[in-house]
Every structure is written in C-alpha cells, then in structure tokens.
Amino acid sequence: MSDRNVTLSDAAAKRIATILGADPTKTAMRVSVEGGGCSGFSYKFDLVDDSEADDLVLEKGNARVLIDQISLVYMDGAEIDFVDDLMGQSFQIRNPNAVASCGCGTSFSI
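Numbering of the sequence shown is given in the UniProt record's numbering, commencing with residue 1 and proceeding in unit increments.
It should be emphasised that the hints constitute simulated quantities derived from the structure, not laboratory data.
Note that the structure is predicted; figures quoted are calculated from it, not measured.
It cannot be assumed that every hint is accurate.
[Unchecked claim] DEER-style ranges, computed between Cβ atoms:
(1) 87 to 53: 31 to 41 Å
(2) 84 to 53: 33 to 43 Å
(3) 57 to 14: 14 to 24 Å
(4) 44 to 17: 17 to 27 Å
(5) 77 to 40: 14 to 24 Å
(6) 62 to 83: 16 to 26 Å
(7) 51 to 86: 34 to 44 Å
(8) 14 to 46: 11 to 21 Å
(9) 86 to 25: 26 to 36 Å
(10) 94 to 46: 17 to 27 Å
(11) 76 to 24: 26 to 36 Å
From the three backbone atoms N, C-alpha and C, an ideal C-beta is built for every residue, glycine too.
Kindly produce the complete structure, drawing on both the sequences and the hints.
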C-alpha cells in the first residue's frame, strides 16, 4: 500500500464518470507518467478494464482512477483536475513536484 497522496477534483471525477459511462467495457482511467515530452516527462491517460495489484485506486462517485507505483513517485501531492474554458477541455494535473512545464500542459520536468 502506498502512502503517496494524489487527489481527484470534483470536475475531474464528473468527467471521468461520464467517459466511463459511455464505454461499459472500461472500468477505470489509468494516469501514468512516461519519459518524453518537451519538458522531460509526460502524463498519459488511458481507459482500462482492470487494475494491477499495487495500483493506487482513487474513487469518487462513479469515477475510478488508477496510478501505478512508479508514476506515483512523480505525482506525489498532485491533483487531477478537468478544465473546461475558452482554450478547450482537458485533464490537467497540478503537480507540486514539477519545476517546469510546457504550454501543452501534459509535459513537465522535476
């Protein structure tokens, strides 16, 4: 069990629940960190139908988010949010560990 802390905003939970409701074969959204992107690391969002034994599982309402242990190292203390503004709709991760990020909002460095 992980002692790392990641939170899910109400807006993100609502959007994830809507997305999962549209595809009954998927049970969760997996958020992971990968090497690459213009700032060194990038976030990846995937719909999945199962979890791994060591995943952190975040549940809020009908939303379920999975984060693997390696990604948790980079996301400790982060908040997953969903923003709908004049620039468009997107999931955003407010990560206190990121010292720089790029304009696209999905790439960061530590």
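Hint-by-hint comparison with the structure:
Between residue 87 and residue 53 the beta carbons are some 38 Å apart, a value that agrees with the proposed interval 31 to 41 Å. In this structure, residue 84 and residue 53 meet the distance hint of 33 to 43 Å, their C-beta atoms being roughly 35 Å apart. At about 18 Å, the CB distance of residue 57 to residue 14 agrees with the hint of 14 to 24 Å. Taking 17 to 27 Å as the suggested C-beta distance range, the pair residue 44 and residue 17 conforms, at roughly 20 Å.
The hint said 14 to 24 Å for the Cβ distance between residue 77 and residue 40, and at roughly 18 Å that hint holds. Taking the beta carbon of each, residue 62 and residue 83 are about 20 Å apart, inside 16 to 26 Å as hinted. The hinted window of 34 to 44 Å between residue 51 and residue 86 holds, with their beta carbons roughly 36 Å apart. The hinted range of 11 to 21 Å is satisfied by residue 14 and residue 46, whose Cβ atoms lie roughly 19 Å apart.
A hinted range of 26 to 36 Å for the beta carbons of residue 86 and residue 25 is consistent with their spacing of about 34 Å. For residue 94 and residue 46, the hinted distance range of 17 to 27 Å is satisfied, since their beta carbons lie about 20 Å from each other. Distance hint check: the CB atoms of residue 76 and residue 24 are about 32 Å apart, consistent with the given range 26 to 36 Å.
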